[in-house]
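Colleague: Chain residues, written in single-letter form:
2 protein chains.
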Amino acid sequence: MHFVVFVNGLLLLGMGGLMGLTGLAYSGTRGVFLEAALLSAFVGGLLCIASSARRGHLHRLHSFVLTSSAWVTAAAAGALPLWLWHMTATDAFFEAMSGITTTGSTVMIGLDTTEPGILIWRAILQWLGGIGFIVVGIALLPIMRVGGMQLFRTESSEHGEKEFASAARFALATIWVYAGLTVSCTLVYTFGGMTGFEAIVHAMTTVSTGGYSTSDASFGHFQSGYLQWSGTLFMLAGALPFSWYIRLLHRRRVRSEQVQWLVSMLVVVILILTAWHVLANGSPVLETLRLVAFNVVSVVTTTGYATTDYTTWEPFVTVAFLSLTAVGGCTGSTAGGAKMMRWIICVRSFASEIKRIRFPSGIVTVKYDGKPIDWGVQSGVMTFLVLYCSTIFWIAMALDFYGLDLSTAISGALTAVANVGPGIGDIIGPAGNFSSLPDGAKWVLSFGMYAGRLEILTVYVLLFPKFWGAMA
Amino acid sequence: MHFVVFVNGLLLLGMGGLMGLTGLAYSGTRGVFLEAALLSAFVGGLLCIASSARRGHLHRLHSFVLTSSAWVTAAAAGALPLWLWHMTATDAFFEAMSGITTTGSTVMIGLDTTEPGILIWRAILQWLGGIGFIVVGIALLPIMRVGGMQLFRTESSEHGEKEFASAARFALATIWVYAGLTVSCTLVYTFGGMTGFEAIVHAMTTVSTGGYSTSDASFGHFQSGYLQWSGTLFMLAGALPFSWYIRLLHRRRVRSEQVQWLVSMLVVVILILTAWHVLANGSPVLETLRLVAFNVVSVVTTTGYATTDYTTWEPFVTVAFLSLTAVGGCTGSTAGGAKMMRWIICVRSFASEIKRIRFPSGIVTVKYDGKPIDWGVQSGVMTFLVLYCSTIFWIAMALDFYGLDLSTAISGALTAVANVGPGIGDIIGPAGNFSSLPDGAKWVLSFGMYAGRLEILTVYVLLFPKFWGAMA
Ligand SMILES: [K+]
Ligand SMILES: [K+]
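Protein chains in written order, with the numbering used here: chain S, 44 to 515; chain U, 44 to 515.
Extracted from the complex, chain S is given alone in its bound form (with noise of 0.2 Å):
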């Protein structure tokens, strides 16, 4: 466990550097920072000095309570300067929170006239959550066997020397991967008529599909088509697996069902939703088809921008959204959901269950990329769903404990355990915000965008006496 210290306090050590840079960026929250930045840091630097003595064996078991503690850890740390500048405790982490998994949802209101080093530090939060849950979801998640996710184990990823080397160099790949879409984003950007701040907080946010903007009128602030389809198209961009990105770089095959399901089911949707509104509306093909596009990808991928108040448009419309808030990216990518190849392992057991009616002494396999899955997978993918759809319900249960309506607490539920941001309704739709919420909703929020992010099992698992048992 010394390991899981040290890495927590490289964590905050690291944040605690980024913090300080913020404050000499930014003189308008220099103290504000400056300060942050020395707390992190010493705190950090405790940890490291107590853990450093002896690092210890890191058990597999080991990875579920780094993962647990690093997300609390970065969260507290990402709040520090926000409660410092003039938040309270619950707002300044639910805010951290909500940046460091990557769901955007916000308290604050005024974001057009806040100071840009809070809007800046709100916009790291999101990039740093963004590569973090790559790296844990490509190098932990699968040795994890979380919800499935052995699915995309390689035989090396459980032992030895050389496979941790090629692992870190995979990693340092995604790390240039996802930081060079993220320039290439800031630049379209900026290219666009954004402001240079405008385009770097943006592309952050962006390609860590978090949703997080500069304005409270979201990505609509920008009224250019330019902009909104370079926003489509990078949003999806981060939504993708990464190791596919890889692949293609060393133009391996790239066949990846996950990315065909997903771009298909886009389409599709996109194409009947526009249709939808056209009819109904009469309003002009392809604006339409540009705002429904824009939101659409903003929602699947999880990124929670809006550009207009979709909710005002047919009912058909607001419910057709609130059921694609769960469907969620690709593995290995940075979006949030319960993730395609999850929904592709679900139909196709579906189809096994009607085929193993048709012919009950078959042998039915289910198959993912053309390659057989073995039942632990199956099983792992259909707990996962099930017990996301039972925190989604508790979660709802006990906003609405908090005296929230069923509309506000069944879309805040869904939307927080998805990672997406937004939800429906007048309060916390995507005109609304967060702020007028209880602070006990806040914390059980903040809880769901946690469970949430870290694929549910990895947080529930701590909760059995017997799991820690046999980590000892």
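Accuracy of the hints is not assured; some may be wrong.
[To be verified] Straight-line C-alpha distance at most 30 Å; calculated DSS-like pairs for lysine-lysine:
| id | chain 1 | residue 1 | chain 2 | residue 2 |
| --- | --- | --- | --- | --- |
| 1 | S | K509 | U | K410 |
| 2 | U | K410 | S | K398 |
| 3 | S | K398 | U | K414 |
| 4 | U | K414 | U | K398 |
| 5 | U | K398 | S | K414 |
| 6 | U | K410 | S | K410 |
| 7 | S | K410 | U | K509 |
| 8 | S | K509 | U | K398 |
| 9 | S | K414 | S | K398 |
| 10 | S | K509 | U | K509 |
| 11 | S | K398 | U | K509 |
| 12 | U | K509 | S | K414 |
| 13 | U | K398 | S | K410 |
| 14 | S | K410 | S | K398 |
It is worth saying that the hints were derived from the structure and are not from the lab.
Dock chain U with the ligands against chain S, hints included.
Modeller: Using the frame of chain S, we list chain U with the ligands on its own:
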């Protein structure tokens, strides 16, 4: 397939006979019922004659067509007198489908002054639907392998004449138990002060966990502690596995995890909600206990009687009731919902996932009633639960499309698919009524009750052309 047509013909003949008896017994609606009886018997007779020439072989897959068609036929025949009486076709079909699926959602207002012939007919529909579902659940679903029901397959249930004979004996025993419970319930209700008519109607709709009443105030019309406690007991009796009663009568081993879990869960939930309501409102303990016990048992057994509008209690209580709506009773009973058996296997699948995480190379088995279950059962159960949730979701979407608010849409979909009866909200809550819904919504809900009653897959499977190919 001739056999399927023949059984539907017999069903129409039998229901025609019951309509005839109802017509003879109640003079106020005599013309209506005698006309419906002739129509039903005429069509039934034609079907029997047309199909009796060659009986053919009953393919295992024919069970799906048999079950699915029987419930539509029964609903259509059941709607006939209601339609001839004065209801619209939509309302009559909704009311009859709600009856034959033992859901109990009603579009009728002014029950207290409604013709007794109509009231008894609604009760007869529920009583028939209840015993029909028990027989299907014990005899057919295990062979059909729907949603993990193959767990209850006996080694002999798929082959041979002798086994058909033993199945017939078993079905007969079940009918005796059902009739015995109904008669006992009638006597107990009469003893508590109901008129003979009220007692018969309520006994038929209690034991079938249907929930139709003779009063708009539902069971709340009877302000008697004795009657309400009796109702609680007999609703529970209807939701226990009928094979368990038969084993009990034969003094065989009577351990059943479903019964244990159901009763334990009820005790815990009732105690918590009673304590909550007493502490929050200072209401009298014993009266609260009675109210809570009745309404919790009513929702969990999917009966759907109400003695109070619990949605006017604390928000926590409303949400607790909403979440109880999905639980359901035991398999092989009249109850709807997802059934305890599936929740037990779901919880154990979750536990096995945790175990798999701890011991990745170990073999993890899931047990039920002390015996390890094969993974086809587990996969069937998990697929069922995911399918169940998605069915509720798309039905809620469809209802939303007809302009219902989200709360009404979601609780309406839930209550229909789980065959409970009342939803949440002003319109369809325990104190409300389904009559004001648009016709489209009534058809959607009718489909939801139908799919829910037949355990979803029985109906969905018919949508696959390959299924029809395999049967030919
Ligand atoms: K987001
Ligand atoms: K019912």
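Colleague: Now look at each hint and say whether the structure bears it out.
Modeller: How the hints compare with the structure:
With a C-alpha separation of about 19 Å, the suggested pairing of K509 of chain S with K410 of chain U holds against the 30 Å cut-off. Taking the CA atoms of K410 of chain U and K398 of chain S, the gap is near 24 Å; set against the 30 Å cutoff, the hint holds. With a C-alpha separation of about 25 Å, the suggested pairing of K398 of chain S with K414 of chain U holds against the 30 Å cut-off. A distance of roughly 18 Å separates the Cα atoms of K414 of chain U and K398 of chain U; the hinted pair therefore holds under the 30 Å criterion.
For the hint linking K398 of chain U to K414 of chain S, the alpha-carbon distance of about 25 Å falls within 30 Å, and the restraint holds. Proximity of K410 of chain U to K410 of chain S is assessed by CA-CA distance (about 27 Å); at most 30 Å being required, the pair is judged to hold. Proposed proximity of K410 of chain S and K509 of chain U is supported: the alpha carbons are some 19 Å apart, at most 30 Å. Taken as a hint, the K509 of chain S and K398 of chain U pair is honoured in the structure, with Cα atoms around 9 Å apart against an allowance of 30 Å.
Only pairs whose Cα atoms come within 30 Å are accepted, and K414 of chain S paired with K398 of chain S is accepted, the gap being roughly 18 Å. The straight-line distance between the Cα atoms of K509 of chain S and K509 of chain U is roughly 46 Å, outside the 30 Å bound, and the hint therefore fails. About 9 Å separates the Cα atoms of K398 of chain S and K509 of chain U, which keeps this hinted pair within 30 Å; it holds. Straight-line distance between C-alpha atoms of K509 of chain U and K414 of chain S comes to about 23 Å, which keeps the hinted pair within the 30 Å bound.
Between the alpha carbons of K398 of chain U and K410 of chain S the distance comes to roughly 24 Å, so the proposed pair stays at or under 30 Å and holds. For the hint linking K410 of chain S to K398 of chain S, the alpha-carbon distance of about 14 Å falls within 30 Å, and the restraint holds.
Of the numbered hints stated above, the single one contradicted by the structure is hint 10.
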